[in-house]
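The listed protein sequences correspond, in order, to chains S and W. Okay, so the first sequence: first residue is 1 according to my numbering, each after it adds one. Okay, so the second sequence: first residue is 468 according to my numbering, each after it adds one.
Hints may contain errors.
Pulled a few chain S residues facing chain W out of the computed Cβ check, cut under 7 Å [as the list claims (entries may be wrong)]: (1) Met231; (2) Thr232; (3) Asn234; (4) Thr306.
Calculated pairs, DSS-like style, for lysine-lysine (alpha carbon to alpha carbon, straight line, at most 25 Å) [to be verified]: (5) Lys786(W) - Lys713(W); (6) Lys158(S) - Lys713(W); (7) Lys158(S) - Lys613(W).
Source of the hints: derived by calculation from the structure; they are not laboratory data. Every residue gets a Cβ at the ideal spot worked out from N, C-alpha and C, and that includes glycine.
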Amino acid sequence: MAATREETDKMSFALELARRANAIKLDSAPTDAVRAATYAIADTLGVALAGSTAPYLEGLAAALGADGRQGTASAIGRTGRYSVLHAALLNGTAAHALDFDDCSTVMSGHPSAPVVAALLALAEERGASGAAVLEAYLAGVEVEMHLARAVMPHHYDKGWHPTATLGVFGAAAASARLLNFDEGRLASTLAVAVSMASGIKSNFGSPVKPLHVGQAAFNGVLAAQTVAHGMTSNLAAFEHTYGFFEVFNGAGNFDAERALDGWGHRFEILEPGIAIKQHPCCGSAHSAIDAALSIRRTVGKVDCDTVAAIEIWTHERRLAHTNRPAPSTGLEAKFSVQFLTAKALLAGMIGLRDFDDASFMTPDVAALLPQVVAYPHQETNEYLGRVRLVLRDGTVLEHTATTELGRNPFDLQASGDLERKFLDCTRGHLAEAEAGQLFSDILDVQNAPNMLHITRAIANQKRAGKC
Amino acid sequence: MSLALEIARRAGALDYETFDPQAIKWAKQAMADMVGCALLGANTDTTTMAIEAGAFPAGDCLVLGRQMRLGKLEAAFVNGTSGHALDYDDTSKSLSGHPTVIIVPGLLALAEELGSSGRDFVDAYIVGVETATRIARGVNFHHYEKGWHPTATLGIFGAIAAAARMMRLSDEQLANALCIGASLASGVKANFGTPVKPMHAGLAARNGLFAALLAQQGFEAAPEALEGRQGFLDVFNGAGNYDADKMLTGWGRPLDLLEPGISIKKYPCVYSVHGAIDAGIALHGSFVPSDIEGVLVRMHPRRLLPHVLNPATSALNAKFSLSYAVSRALVNGAVTLDHFEDEALHDPDVVRIMNLVQMKPLDDRSNDYGAEVSVTLKDGSTITKAVAAPLGRGPEVPLPESMLATKFMDCAGRSVTRQGAQTVFDMLMVLETLPSMRDLTAEIKAGTLN
């Protein structure tokens, strides 16, 4: 499939990319790629439901004029009906609201959120099958991650937010696949999306960051829908002097060829794969948390009275912003490696509801915190974390873990942690039995004739009657 | 103080009471022109595509030229797209783009909802243009040359400031909205020449209004999203390629609308031939077309680019053909939309004269957009008309209202009854006296043909 450089110079990049994206078929994709996609979709939907109650989402819906009164799609965690575009925007923002969605080191971002947000909205209207959604998801994620190979790391370092500026192509490609576009129209869709890519990192730390993802999903769907109605675009929009590569990255700061390599025999979603975030807190503390969880699995319950000391080592660059021996707010607790390690040892997991300002400091953690000390290390592996638990009887338990952004979806599913996270995320929205049913429905999405049972379950019926 | 707040303070300090009457006049002309362009663009495939692709729910805001009302953001998107569909709308030198088509759609949607007065509309528009062009002064022309489409990527800030003004947001809220806008700005020139270009205008109009509405809801951006690390200036222009101080000086003294001003296109063809058309129209009537034996057009050599030198053979290249445009002006005393439809290209008088046209550079190289047309008649006499600059190009050569009216009727007549178009134009010319902008949109809707 790989063309020579000379051939691709003559070809349209968008068309080359579209050809590869359209060649992805569920039947011929590796089973593991399909499994990874399924797990990622389940995780994204759970995280999005949890994120759907972020307070600023009401303001977003009001600004959009999305009152739930008309439309062909439901939106995650919301009552009523929405236009597909509004649903995509609301879904995408919710999916990234907690920054708890899956990650890719290749993309320096979050591959699933923009793609799943777009697909869920569109699939409902189209009556698409679960298999079609999975196939479109795989194509979308492969497109954005391959594009990342062409523009990273410069793209990120310069200040673009790749989850949005590359995610829009994932959303566009996935939408195009769901609309059964031929490669010409898929290429047009990608070229339209070049004109819609946006989102800069100076807005990190504000709700505009998740909004970027909502916009990426919105724009991806819009790009595909305009092409469905006859929109034409410049098929050279990526490689043009005033196109995506030159304008967003600049001459010398990209290698378009890399985005076209490696299709067909290697799936980005498997190699290097995606990481699912297990803990709803700062990623720099995840290694210490995982080390603590291993110790807890070894000793069973930890009793505060038996602990003499807890020592933690994380990389100096990771510790710099997580060294908070006595956090005073829920948000600070999310950035306290001491709090998080103690919590993991005592509770056996870090949950979404562990960070309420009023209740985050439980008595057992408060009792343990004075015994917890964190030290910096300077080892090559920045994500290496070590925890040593010293008990009063002289027992010493030590464990080292290395967690880059998250865990691979297969391990997470095998250990039951994928479902545990899903249940934690959906608590308060769905009864546990409903949540369990929804989780298994999503895992079986490949066999679903349509997505209605999923989109309806994940829309909030409790907030009905507003209008 | 953050850059966004510095900008917002300046926008907030602008005061309608102090605006030069000439600026108000230009504002009304530009807005009338944009409404005309949107009524023209309403019937294009591009606009139909924008409407159908969105599958938008119904709402309260008029889609210009259609019997259709959509939500605020959706109406802004469609009206922005149709306003730029034929690239016939006004231009700003500071912006290197089209200022009005990004600002008016969002304002119109808001004004319908709020029942705003015409005076508030003019006020908000002027604030929008001033904000977009002052920001543009800090990033152009690198911004344009790099490949961004400033109509969209800078115009969005004008749309934000205008909407914020109309909603009476505080300076702090406007600053926040500008910072949200920094994350919504998009549009590259690679898609010029395709219908994606007018859609840039629609998206920027929608995104600008969206940012202002989000700010009104208390949706928070990072305060230093413009000037901060990995902020708008850094990412879109890059270090060394902008001057933030330039954004903060000279606000309203005079308004950018007056210096360097905006240009209103009078003819539906490439700008570089407009001076020659003016000269041709001035000559029209001094002879019968059949007496013409030779035509010599002189323009600045920079305007005599290869694409204007060819005679017209298709509806598309006629828009770039100097000889076609001048011949039309000489024969008809006007150059209108009809003249660029296929059958018009075969008009025997025009075709004969078109093939007589010769082109030479002007001796006076200082005059960028000047033109001179000399017609030689059968009796051997020669008549010459020179123009220094096309009418409507900047504040020195304001467009006579009659010419604006001609263009408006030509454009609006494509989707509104003649009588309706005349009423709407008259209202636009006294916009600042309208008690409610709803009166204007009601009139447009009442006259809309389909």
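Original post:
Can you give the numbers of the hints that this structure goes against, from lowest to highest?
Top reply: Violated hints: 4 and 5; rest satisfied.
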